[in-house]
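S.K.: Take a look at the letters that make up each chain.
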Amino acid sequence: MSGYMSGILSILAINIIFAYGIFLAVATGQLNLGGAGFQAVGAYAAAYLTATFGLSVPLTLLFGVVLAGLVGVAIAFPILRTKGVYLVLATFAFAEVITGAILNSEELGGAMGISVPAYVDWYVPVIMAVCVIGFVFYVMSTRFGLAMRAIHDDEQVSDLMGVSIRGVKVVAFGIGAALAGLSGGLYAVSYSYVEVQSFNALLSIYVLLYVLLGGTQTAWGPLVGATFFTILPEVLRDALPALKTAVVGLFGDADNVAPPDESWRFVILGLMTILMMVIRPEGLVTRTMVENLQFWKKGATSARREVTEG
Amino acid sequence: MLLLQQIINSVMLGSVYVTVAVAFTLTIGILNFLNFTIPTLFMLTGMTGWAIAYWGLPMGLSGPLPWPVALVIGILVAVLASLVVERFTFRYLKTRYGDSTEHAIPLVSSLGFLLVLENLVQIGYGNDSQRFPGPDADLTLNIGGLFVRIPQLVSLLVTVAIVVGLTLLLKRSRIGRGLRAIAENPDAANILGVDTARVVPVVFMLTGLLCGLAGALFAVNYGEVSPFMGEDIGTKAIAGMVIGGLGSIWGAVLGGLVVGLLEMMTVHFFGADTVQVVVWGALLLTLIAYPQGLFGHNSIGKGKL
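The listed protein sequences derive, respectively, from chains A and B.
Just so we're aligned, residue 1 is where the first sequence starts under my numbering, counting upward by one.
Just so we're aligned, residue 1001 is where the second sequence starts under my numbering, counting upward by one.
Please keep in mind that the hints were generated in silico from the structure rather than gathered at the bench.
Glycine included, each C-beta is placed from N, C-alpha and C at the ideal position.
Hints are supplied without guarantee of correctness; some may be wrong.
Unchecked claim - What follows is a set of in silico ranges between Cβ atoms, one per label pair, in the way DEER data are often shown: (1) Leu275/A / Pro1058/B: 53 to 63 Å; (2) Arg81/A / Pro1135/B: 45 to 55 Å; (3) Leu1141/B / Ile8/A: 32 to 42 Å; (4) Asp121/A / Leu1002/B: 55 to 65 Å; (5) Leu70/A / Leu1004/B: 37 to 47 Å; (6) Thr1140/B / Gln156/A: 53 to 63 Å.
So here's chain B without its partners, still in its complex pose (with noise of 0.2 Å):
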């Protein structure tokens, strides 16, 4: 019973890194892009949450807001700030030399963001976690003495419905058809008429979305944000995307199931200090033995989503 208890919990606190890893996914996927900023957009959207639950808006434009209003305004943040980061890490590079580290452009732009971004929440917000001013997330559901606590009932389907919408919009939609090719081969798209211009920035709508979404199901699950609340996450959601295999959704869907499972695992039998070695080892593994994942294929980018 303790130990079904212990999986229904994992599953849970998985559900946050599925989201999460999704994010991941998705740009790798199509972009071939590790976005080093998705931890960040998803402390962004706590962070801005709790300002305006706290203090309510800036320069004294209204009160503190209620706090549904507060993280949907903290999603709109992570998704606009999703959007200045699509500016300075594709629109504005050309690749001119052709060398082999110039894949890492992206990459690098997106480390200075993750720089600039923590920073100033920092320096606006301070370095302390507070308290979300959440619904109480003790109310528990209890199915035959197992207790599921509701606030993450709700995680948990948000997270199923997303990665559902998700794969009918790229399935079915036109952008989801533009996405796929560009994920297929980006010069090709282009040349058979796909506005890379116009559809790469909804890629990176997508990942404010997600991140703002997961950030705000984490504020009101553990009533508690802080700047440092995406270091964390955006492990245990990388881990969770490499053990499914990158660029698919439904690898990273159940990477992040996995990654909660072995957290609580290793918790349970061996105590919180081992899970970072132990997420960290299977990932390590994961890329060394196996690496297209449990879902993946070996390439980036061969039509995979």
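For reference, chain A alone in the conformation it holds in the complex (with noise of 0.2 Å):
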């Protein structure tokens, strides 16, 4: 396999880890957008370990991942008593005062970075990455996913049934925070160098939109969603280019093009963000769609419908 290709994948199934993360939060209707400094928590935590006291690597991505686990909690606590915009700010500053602290901490190499003597292939984040996704599969299957689903959907009337509000969302919220950190240690050990500069503003924003245009209704929507857009720039690499030369080929001047910006591709995403909110501002995958395409269970399915919608 290619380096080109080996590194698509490694970066593939880091995001898909990371979208998962996020994923839990935003499934319990608590949008992240802190995802970077759990990340960063995770990677640092990989490399520093690695880099200091030459641990193998499974034991600091287990180490992590708890760590990022557990600020997770300990943040989650004060954090969720805030809501909606509140609950947005205050991710954002935890992500923000995480990467500030990382900055100015000579221990951690500050803006220099550090490099990890270790390494690893790209199946080992495939591997976890296919772990992952089972995992939060089995989660929303039970009892705890259906709580999960309830508080996304109405919080007041799930609060009525008898589902611990509080408990719940501390719990996924910070699942997710350990599955970012996960995300962020195989980062660390896939390219061997973390600098504080890559865990920005920016990461959190994507990570956030790849999974809420996949669709936070079922597990499918982050895996589509980060899938779509990590394939999407390397896909843009080469057609932006050619469209660019076909279009300026149109007046005749093909020779001489410079290849276009790179900054086009997040153009695009950009565009691509509005229109989604405009046209389908629940996602790519609804929970309608996944059980329409289960055709296998037909009768079922049609059956629910029939009491849902009349």
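Two independent chains are provided; combine them into the complex using the hints.
M.R.: So this is what it looks like as structure tokens:
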């Protein structure tokens, strides 16, 4: 397998795990715009432990996950008192504080970053991603997943029905933070280098967009969203210059065309976000869509739809 | 004396934050919408203003224009862009599902606009910071040994005028009454005859105007613009808004000044690198310990403008 392909597979797997981390929070109705902060915790935990104590990769990843999860639970208790805009701001502020603290820490390399004396091949993140996907699908199928779904759809009614809102939210946020930490740890050992500048506010924005555009109603959403938006830039990397040459070629000057700016890819991501919110704000994959696709259970689904739509 | 000079400097610095913080708080107070395009609109004015003052209007319509004209055009661009944002964050969006992440739809759209506008500006004008050909920013007034730079003084006066004007608009005018009614309860306002489709764009025009003015003042004061100039200001303005209390205009004024002071003091005592941690840490603590801020009320949209 070429280096290019394995690089894409690694980052794809990391993005999918990261998206599931944010998904677990969003699936209980909490917009987590602090993804980069949790990923940074996991990445720096893995990098620091490997570089300083020479721990093995599985152990450092485990530490990263546990640390990010603990930080997530610790921050969830005070933060989850807030709602809506306040929660978005609080998670965003949390990420900025974490990255700012790392930037000012001599021990963690400050602006220089840490090089990690460990390396894993592409199949490690991919296997982990498959495990995470299975885990989240399992969680969503349990009673706990049902409670998450209930809170997402209507918090007050779930509260009346006896669902422990606070408990479910904190646990979902904490597991999500742990998964974001795992993605950070995998990032550190896949690239053998971490620098705090890569965990910026834009990263938090991107991953939230993956989740929301993919759809938050089912566990398929983050998978579709993260895959689509990780592959899209790579496809555009080839397609955009071709498109530009073709367009300029219409005016008969195809030979001396400069390749288009990298920024176009982000313009396209932004435009798709805006259009998506107008056309299909609930995300690409919805619950009804998944049910309709399960044609082998046709009888059951059509009966259920009669109940819900009738 | 040095401390007094620092405080004066921080008030001047804070006045830019105040204008942007008021733009944030206005949208949140009336529409319950955290508008992430605000820092981008601020940047848009600075960059288009620079481009027109340096190159002239696009497609060869004119040569380089004098900087005040360029800045006025820049402000108009910000207002127009803000109206486009209104179309795609409010007008065409219908709430259909009623689930708990639904309030996020305008916010997500505004994140989309942030990506689009910021990257388009980078494509058009490059990634570098540019020198803005404004007036001499170092013209200073010496009052008993304390130095006040004249462009900064002008900024402060403009900021005060904006805030007072905005308060009067909201308190006295018909449009202002409509806006306050929408802040209180959009459905009831609609039933009682407030034309939401006409009043909501006013919020976005005001947002564009405030950001545009702030961007113009920034360009004149610092003599430098860049595609990334909005990020830092946006950060500080959000912090100011939260500290003052979401949705409160006077809270945003005070919060912006507090953040300016906090920044100056942090730089003075700990160095420039720690500013990010201190400002965001203050924001986080305020949100956790005292979420209504200094002036706001606990819930959004309950008549506090």
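S.K.: Hints first: check each against the structure and report whether it holds.
M.R.: These are the hints, each one checked on the structure:
1. Leu275/A / Pro1058/B: 53 to 63 Å: violated (26 Å)
2. Arg81/A / Pro1135/B: 45 to 55 Å: Check passed, 49 Å falls within 45 to 55 Å.
3. Leu1141/B / Ile8/A: 32 to 42 Å: violated (59 Å)
4. Asp121/A / Leu1002/B: 55 to 65 Å: Given range 55 to 65 Å: holds, Cβ gap about 58 Å.
5. Leu70/A / Leu1004/B: 37 to 47 Å: Cβ of Leu70/A to Cβ of Leu1004/B: about 45 Å, so the range 37 to 47 Å holds.
6. Thr1140/B / Gln156/A: 53 to 63 Å: Hint holds: Cβ distance 59 Å, inside 53 to 63 Å.
Checked against the numbered hints listed earlier, the structure breaks hints 1 and 3; every other hint is satisfied.
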